[in-house]
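K.L.:
If you want the building blocks of each chain, they are given just below.
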Amino acid sequence: MSSAVSPATDQSVLKPDYGSKRRHFIFTEEHERLRESIGTFVERELQPHAEKWEETTFESWVFPRMGELGFLGLSYPEEYGGQGGDYYCNLILAEEMTKSNSGGLAMGIAVHTDMATPPIHLFGTEQQKQRYLVPAIKGEKISCLGITEPGAGSDVSAIRTRAVRDGDEYVINGSKTYITNGHRADFIVLVTKTDDEAGYDGFTLFVVDMDLPGVIREKKLEKLGMHASDTALLAFDDVRVTADAVLGEIGKGFYHIMWELQGERMIGAAGAVAGAQRVFDKTLQYAKEREAFGRQIGHFQVIRHKFAEMATKIESARQLVYTTAWRVHNGDYPVREITIAKLYASRIAVEVADECIQIHGGAGYMKEYGVERVWRDLRLNRIGAGTDEIMLDVIGRSYGL
Amino acid sequence: MAGPVPPFTAEHERFRAEAREYVSKELRPRAAEWERKRWFPTEVFEELAGHGYLGLKYPREYGGRGADHVLDAVWTEELPRCGSGGLAAAIGAHTGIATPPVWKFGTEEQKRRFLAPAIRGEKIAALGITEPGAGSDVAGIRTRARRVDGGYLVSGSKTYITNGVRADFVVTAVKTTDEGGHQGLSFLLLERGMEGFTVAGKLEKLGWHASDTAELAFDEVFVPEENLLGEENRGFYLIMANFQWERLLMSLGAVGSMQACVERTLAGGGGSGATAGPAVANGQAARHAVAEMVVRLEAGRALTYEALRRFARGDDAVREVTLAKLATQRAAYEVAESALRLRAAAGAATEEIAELDRAARDSRLGPIGGGTDVIMREIVGRQLGL
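As you go down the protein sequences, you meet chains Y and B in turn. First residue of the first sequence? That's 43 in the numbering used here, and the numbers climb one at a time after it. First residue of the second sequence? That's 85 in the numbering used here, and the numbers climb one at a time after it.
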């Protein structure tokens with residue numbers, strides 16, 4: 043742009059871009075203090091291990107350490123060892139975990155805090171809460187969630203893992219795949235079929251100890267990204283559990299898990315936006331340092347405009363997530379809005395990561411700059427917790443189409 | 085249940101319902117005719133004034149409603165439901181860009197002479213900045229005002245002036261130094277009937293057919309001193325001062341337009357133009373196409389409301405406003421185009437197709453007016469230090 047183009051040369055618009063750092067209306071001072079304390083912890087205690095953990099998966103001491111600091115139970119009631127905070131605290135955790143530079147680590151924690159344990163908190167008996175939720179909040183027990191099967195991904199109703207009643211017990215047979223934390227977990231929240239004839243009313247959740255006979259942790263799955271997380275293929279071979287392992291209502295498992303997926307999608311969306319912001323910031327720094335054709339590459343108009351487009355996408359997604367979180371916080375159950383936020387945040391995060399590789403050029407393709415890892419890690423967001431296509435279907439169907 | 089998303093309150097939502105009903109009952113039925121005639125009756129300004137819609141944010145002492153900017157935002161979001169971008173543009177030019185500088189920079193006498201009758205719908209206002217040789221580049225303005233005894237002699241021309249054909253006064257940017265540019269621009273209130281002030285042409289456009297868009301010519305027009313708006317040579321700041329509000333209004337208008345397009349697509353015509361059969365073609369492709377429209381709408385809305393929250397609170401909102409404009413203008417065009425395509429494929433009636441076609445054409449101005457998308461990207465990029 044020539045200097046004659048007026049808007050950008052007015053002093054009132056030449057202010058630092060502090061916008062993304064200003065406090066949003068949903069957050070309080072207390073939230074900001076929490077953000078700072080989580081962020082500092084992540085940068086000091088987790089980030090230094092990120093490179094190693096890409097090779098080895100992250101070490102399980104992270105759970106008790108985060109439990110000790112209260113980060114695994116931010117919004118759970120104090121009576122179970124939680125911090126008694128509001129829903130926004132979980133968003134903050136998801137956002138700050140991106141500072142670990144490890145999508146796999148962030149996912150392992152999020153599965154524990156926002157996917158596997160919420161059904162226990164909401165649907166569990168007091169006994170189940172004492173036995174699983176309390177130690178999970180302390181980080182003494184690690185959790186995982188078993189929905190997907192080799193033959194049932196987007197189509198949750200195609201699940202074939204069966205739980206058959208046998209006296210006071212249930213016998214579980216089947217397999218689950220793509221299970222995050224599956225290799226290290228102490229217990230699994232498992233979606234099973236208990237009635238073949240009942241359609242959507244034929245599913246039941248169980249909480250199953252992973253050391254029971256018949257629980258087989260098969261292979262550790264290799265992935266495009268999220269290398270720091272462990273992802274398992276699990277088999278259940280005549281696993282016997284007592285009836286008190288039923289989580290929630292018999293026959294209501296499908297609906298329970300649909301509820302769980304809303305929280306999963308929100309947290310996924312928050313993490314995606316924060317991940318996109320982080321790689322954006324890093325790339326902006328690079329564009330100000332890297333020179334080509336005698337000037338900083340960020341001063342080429344085409345590069346400058348790429349940043350403007352990315353900023354627009356990130357800020358739209360952030361506002362979608364925050365507005366939807368505000369609705370959740372105020373008692374709504376906004377499935378459509380959550381779906382929109384999840385879809386949009388996942389898409390733009392992948393687009394931003396891709397553009398950031400482009401701006402980095404060859405360096406973006408190299409492992410040492412860490413940009414390609416963000417791209418690989420974020421690519422999962424368009425698939426996990428419901429693919430883009432499922433999200434579009436949910437949105438369309440919400441209007442009766 | 086959560087109430088309205090901030091910054092909106094229950095009171096704003098009550099007003100929204102009222103405005104929505106007014107727009108759909110009183111304005112929308114007449115839109116097609118106005119479009120055909122390339123003109124809507126000037127009395128519409130007075131009709132709107134009768135309901136207070138022209139003075140929502142202005143103080144009561146000038147006949148305004150004395151409300152906050154958020155109420156004006158609600159009105160702006162509801163107005164596109166009339167189905168005529170041209171009418172919305174004319175009202176927006178009057179209340180959103182031409183009169184705010186009078187309110188903000190005008191003398192008491194100027195407010196009495198121009199703002200108060202504008203709020204009553206008795207005087208129509210226009211803003212005159214763009215020239216044949218100066219669009220995005222405001223510093224390139226060449227219309228010259230020379231000091232003479234008791235006032236100025238103005239020569240030059242303006243173009244793309246919304247309401248320009250019928251305006252009673254034009255808030256006009258002029259050069260008051262030979263150099264012009266950022267340090268040499270001023271604003272004068274030019275009035276219809278001043279000698280040498282002529283409407284040189286009414287321009288034909290892709291869309292916005294109901295609004296009149298003028299080329300204005302000034303040939304040694306004498307403008308008395310008391311018609312200087314704000315300080316001499318400080319005109320650039322006057323332009324800048326209202327840019328954020330203008331862009332925010334455009335973003336809100338785009339959100340309203342997208343909302344109307346989504347609703348009209350889902351309603352399958354509704355009312356008179358309804359045809360038998362589903363709103364959109366059966367099948368996953370159409371379902372996803374509607375979902376994509378909704379995603380664009382909600383992403384744009386979320387960002388626009390954040391810009392509005394910041395602006396209404398008095399924060400520096402340049403970043404959010406610029407991002408919101410960038411996010412919503414192209415989106416509004418694409419959403420309208422999708423609505424048109426989906427409803428046409430489902431066999432919608434001619435009148436409905438005409439309305440959606442109009443929405444698409446009207447929305448096409450969004451990425452151009454009020455600062456182009458390219459300018460928006462420049463502002464964002466510069467803010468990032470690039």
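One or more of the hints may lead you astray.
Stated by the list, open to error - Here are some, though not all, of the chain B residues that point toward chain Y, as calculated from beta-carbon distances under 10 Å:
id: 1; residue: T93
id: 2; residue: A94
id: 3; residue: V364
id: 4; residue: Q368
id: 5; residue: A383
id: 6; residue: G384
id: 7; residue: A386
id: 8; residue: E390
id: 9; residue: R394
id: 10; residue: L410
id: 11; residue: I437
id: 12; residue: I452
id: 13; residue: G453
id: 14; residue: V464
id: 15; residue: Q467
What the hints assert, rightly or not - Over 12 Å on every C-beta distance to chain B, these chain Y residues come out as not near it, computed from the model:
id: 16; residue: I68
id: 17; residue: Q89
id: 18; residue: E110
id: 19; residue: K171
id: 20; residue: G241
id: 21; residue: L275
id: 22; residue: D279
id: 23; residue: V283
id: 24; residue: D286
id: 25; residue: M300
id: 26; residue: F342
id: 27; residue: A359
id: 28; residue: V370
id: 29; residue: E379
id: 30; residue: G412
Rather than coming from a laboratory, the hints here were simulated on the basis of the structure. We put the beta carbon where it would ideally sit given N, CA and C, even for glycine.
K.L.:
All hints are to be evaluated individually against the structure, with a verdict given for each.
P.N.:
Taking the hints in turn, this is what the structure says about them:
no.: 1; hint: T93; result: violated, 13 Å
no.: 2; hint: A94; result: violated, 14 Å
no.: 3; hint: V364; result: holds, 7 Å
no.: 4; hint: Q368; result: holds, 7 Å
no.: 5; hint: A383; result: holds, 4 Å
no.: 6; hint: G384; result: holds, 7 Å
no.: 7; hint: A386; result: holds, 4 Å
no.: 8; hint: E390; result: holds, 5 Å
no.: 9; hint: R394; result: holds, 8 Å
no.: 10; hint: L410; result: holds, 5 Å
no.: 11; hint: I437; result: violated, 20 Å
no.: 12; hint: I452; result: violated, 15 Å
no.: 13; hint: G453; result: violated, 14 Å
no.: 14; hint: V464; result: holds, 4 Å
no.: 15; hint: Q467; result: holds, 5 Å
no.: 16; hint: I68; result: violated, 9 Å
no.: 17; hint: Q89; result: holds, 25 Å
no.: 18; hint: E110; result: holds, 35 Å
no.: 19; hint: K171; result: holds, 28 Å
no.: 20; hint: G241; result: holds, 22 Å
no.: 21; hint: L275; result: holds, 31 Å
no.: 22; hint: D279; result: holds, 38 Å
no.: 23; hint: V283; result: holds, 39 Å
no.: 24; hint: D286; result: holds, 35 Å
no.: 25; hint: M300; result: holds, 18 Å
no.: 26; hint: F342; result: violated, 9 Å
no.: 27; hint: A359; result: violated, 7 Å
no.: 28; hint: V370; result: violated, 8 Å
no.: 29; hint: E379; result: violated, 7 Å
no.: 30; hint: G412; result: holds, 21 Å
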